[in-house]
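Engineer: These are the residues of each chain, in order.
There are 2 protein chains.
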Amino acid sequence: MKINCAEILCVGTEILIGDIVNTNAAYISKRLAALGVNQYHQGVVGDNPQRLKIFLKEALDRADLVILTGGLGPTYDDLTKETVAEIMGKKMALHQESYERLKEFFVQRNIEMTENNVKQAYMPEECMVLQNDWGTAPGAIIENKEENKAAIILPGPPREMKPMFEKYVVPYIESLSDSVFTSKNVNIFGMGESKVESILIDLMQNSTNPTVAPYAADGEVRLRVTAKTAEKEEGEKLCSEMIEKLMQTEVGKYIYGVDTTVEEALVKKLTEKNKKIAVAESCTGGLVTGKITSVSGSSAVLDGSVVSYANEIKASLLNVEKNVLDTFGAVSEQCALQMADGVRKLMNADIGISITGIAGPTGGTPEKPVGTVYIAVSTEEGSECQMLTLRNNGREYVRNVSAKNVLHLAMNAF
Amino acid sequence: MKINCAEILCVGTEILIGDIVNTNAAYISKRLAALGVNQYHQGVVGDNPQRLKIFLKEALDRADLVILTGGLGPTYDDLTKETVAEIMGKKMALHQESYERLKEFFVQRNIEMTENNVKQAYMPEECMVLQNDWGTAPGAIIENKEENKAAIILPGPPREMKPMFEKYVVPYIESLSDSVFTSKNVNIFGMGESKVESILIDLMQNSTNPTVAPYAADGEVRLRVTAKTAEKEEGEKLCSEMIEKLMQTEVGKYIYGVDTTVEEALVKKLTEKNKKIAVAESCTGGLVTGKITSVSGSSAVLDGSVVSYANEIKASLLNVEKNVLDTFGAVSEQCALQMADGVRKLMNADIGISITGIAGPTGGTPEKPVGTVYIAVSTEEGSECQMLTLRNNGREYVRNVSAKNVLHLAMNAF
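Chains A and B, in that order, are what the protein sequence lines are.
When we follow our numbering, the leftmost residue of the first sequence carries the number 1, and every step to the right adds one.
When we follow our numbering, the leftmost residue of the second sequence carries the number 1, and every step to the right adds one.
Simulated from the structure, these hints should not be mistaken for laboratory data.
Wrong hints could be hidden among the right ones.
Identical chains blur together in the list; that is why a pair holds if it fits in one copy or across any two.
In silico EDC-like pairs for lysine to aspartate or glutamate, Cα to Cα no more than 16 Å straight-line [stated by the list, open to error]: (1) Lys-103 <-> Asp-133; (2) Lys-276 <-> Glu-312; (3) Lys-167 <-> Glu-97; (4) Lys-30 <-> Asp-19; (5) Lys-275 <-> Glu-197; (6) Lys-167 <-> Glu-143; (7) Lys-162 <-> Glu-396; (8) Lys-145 <-> Asp-202; (9) Lys-2 <-> Glu-58; (10) Lys-276 <-> Glu-82; (11) Lys-228 <-> Glu-104; (12) Lys-322 <-> Asp-61; (13) Lys-57 <-> Glu-174; (14) Lys-30 <-> Glu-14; (15) Lys-90 <-> Asp-350; (16) Lys-404 <-> Glu-126; (17) Lys-276 <-> Glu-166.
Owing to the predicted nature of the structure, the values given are computational and were not obtained by experimental measurement.
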């Protein structure tokens, strides 16, 4: 078996009617790209064995490997496994080990195991069964070596699919390849994609191993550095050298991390420098603190935060002067600065950050339209405020972009 | 033209390598389902005109309507428009109105308009051009009435695609249909899907217009009620009657809203009852307040919240007794109750809610493993605490499920 090209085929009517977003395809795509497997097409099909048969056959004609997710449940319309077996020319048989595990699962939970559930222990003959340690439905790798074709079936729930993919599918694909791909995402904030491209154009065009490609993602720019080598170690080395080279360019000072998010980078920097942060949020209403605390280990760098929607809370808890609120309003540089100071002192933190603005859809005025946001940072050494004038692209957009900006402001403040 | 069946074909290498999650497909799928248009398959293809041609032809063979997103940008590899025109047998021509709008766009932003950009004003002849008020690339509807086939091309960025879909595509599809679909999602919390199904099985099987179908979504159960009628009004009436019927069943008391989220339902209820809420968060670190404040109008019902990660903040701001922290620890019923009381008083609110627990991945002990979470609610009348024992499905899972639960606890407290 040799895998040059794969396709993903997600099975589930719930995707076709928009009840769930197909994050499985994105996850597998990203991993396949990192493993150096090409993908030219991916599809979604409902819980309908006739149509699944047609699309699976087409996919197997085009690709060496088809990865299917979903349709492994116990109910009558879960037919992925049976359909794939048929197309791959395999019979279904009870897989004793899976059956024992399934029984054990129900015993442990003190739930009766119905006839339906036994279906989950039937697997295509001569396949590699992928044990499910995160749910009930096992996955499988089914090969047809003569034709250099393989199908992999995985459960639909992401929390079962992802660990199964990492534990079994990644080693399987790696075992079939004689080269390893190493990929690093270089995170850039504060410089636009076209500017980055214009500075790095020669470097990007002349680099073949590793390659360097830019992409815009989530309000910032990323560069993907990808090396193809025989050994992982060599790939890591090539990527590190390229990142070093990028750091030397004009883009360098806008690089804030590699394979990270700004909240992860911030928690890491705070941890390294042994500093604590506190947040005072108005228009983001907890979002900034929510992002910071989504990082494991954040409890060491954040003792607390305040959401102060109302002016009274800005005054009583954060010591914003009544005079400031009356004269300049809550959405003002003066208020943002006092909020940042106030929360730093209240929480006895090293760095205080604040955010106050108009997230919309209502509340805008001609002088302060929706999207007007002040972000500030305060340390013992002093404080700083920035005004953002964001497009009125909806409440969620304004809140998210503001949050991202204040996290970057904090990053650069210590 | 009559549209029974549609397919979505998203164009973009960035989807195939997993850089972005295909939320466009989910959005359009949901809307098509609501409009009564069937979808049996959807696909993704890279920025490659040869492959796009093949997959588009196949899609047009199967479906009456193919909706394409992405690949309308100014760069050389953005070729969706040109490829669709070729397959639909149309020439490309400069669309004067789009050209003028594009020029104006650049003048307003004081950016030079390059040769490349002019490409965005070339459109297939005889198509309906869909003006883009949210970006630069216009969309288009291209019909082949003889063969009852249509292709719709839309920009890739969701903040351009969504409003364009609503403004032009929805009315277009509605104009081709002689019936209207009305769909309502009935939100249920506190009863599992199989239990809901077992209670409503007869009603679901015997209802044809509207139909009633259950689905599990995001930790709760929803029932979709869908009516097909000649007039919208009649559909609304049929749905309302069915929802009324559902309210009379055993499931009724677990229904907390229709077409809503728990945070929207909570803000609505607080607004109606003229009550204010305040949140004290430990393990969710701002997430609960973030959810509440994501609802427009929430500033009328929430003055402020406290994130108290550290015990000192729980003590100093929320008045949790040192004795409680020493004896029972921060993750305890006693602490949760005092946090809820404390934040209610601090913020001068009617309802205080709190959440303290172990989100993981570290911090668990044999007595209090990861996933142990206490949620509490406090009002003037008294207070209440619940312990949650969540599966250790990762930090994000524990935080999200805890947040959802405490919002429901709040819902039922006043």
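Engineer: Confirm or reject each hint.
Structural biologist: So, going through the hints one by one against the coordinates:
With identical chains, the CA atoms of Lys-103 and Asp-133 are at most 16 Å apart within one copy only, with a shortest distance of 14 Å there and 58 Å across copies. Proximity of Lys-276 and Glu-312 under a CA criterion of 16 Å is satisfied inter-copy only: 14 Å between copies versus 26 Å inside one chain copy. In this assembly of identical chains, the alpha carbons of Lys-167 and Glu-97 never lie at most 16 Å apart, being 18 Å within a copy and 55 Å across copies at closest. Taking the shortest Cα distances, Lys-30 and Asp-19 sit within 16 Å of each other only across copies (7 Å), while inside one copy they are farther apart (23 Å).
Within a single copy, Lys-275 and Glu-197 get their C-alpha atoms no closer than 35 Å, and across copies no closer than 53 Å, so neither meets the 16 Å cut-off. Proximity of Lys-167 to Glu-143 under the C-alpha cut-off of 16 Å is found in neither arrangement, the shortest distances being 18 Å within a copy and 48 Å between copies. In this homomeric assembly, Lys-162 and Glu-396 come within 16 Å of each other (Cα to Cα) only across copies, at 14 Å, whereas the closest approach inside a single copy is 28 Å. In this assembly of identical chains, Lys-145 and Asp-202 lie within 16 Å of each other by CA distance neither inside one copy nor across copies; the values are 43 Å within and 49 Å between.
Taking CA atoms no more than 16 Å apart as the test, Lys-2 paired with Glu-58 passes in neither setting, with 19 Å inside one copy and 28 Å between copies. Neither within a single protomer nor between protomers do Lys-276 and Glu-82 lie at most 16 Å apart by alpha-carbon distance, with minima of 55 Å and 54 Å respectively. Taking the shortest Cα distances, Lys-228 and Glu-104 never come within 16 Å of each other, neither inside one copy (44 Å) nor across copies (46 Å). In this assembly of identical chains, the alpha carbons of Lys-322 and Asp-61 never lie at most 16 Å apart, being 72 Å within a copy and 68 Å across copies at closest.
Taking identical chains as interchangeable, the C-alpha atoms of Lys-57 and Glu-174 are never at most 16 Å apart, the minima being 25 Å within one chain and 35 Å between chains. Taking the closest pair of Cα atoms, Lys-30 and Glu-14 come within 16 Å of each other only across two copies (10 Å); inside a single copy the shortest separation is 22 Å, beyond that limit. Taking the shortest Cα distances, Lys-90 and Asp-350 never come within 16 Å of each other, neither inside one copy (64 Å) nor across copies (64 Å). Taking the shortest alpha-carbon separations for Lys-404 and Glu-126, neither the intra-copy value of 50 Å nor the inter-copy value of 44 Å comes in at or below 16 Å.
In this assembly of identical chains, Lys-276 and Glu-166 lie within 16 Å of each other by CA distance neither inside one copy nor across copies; the values are 35 Å within and 46 Å between.
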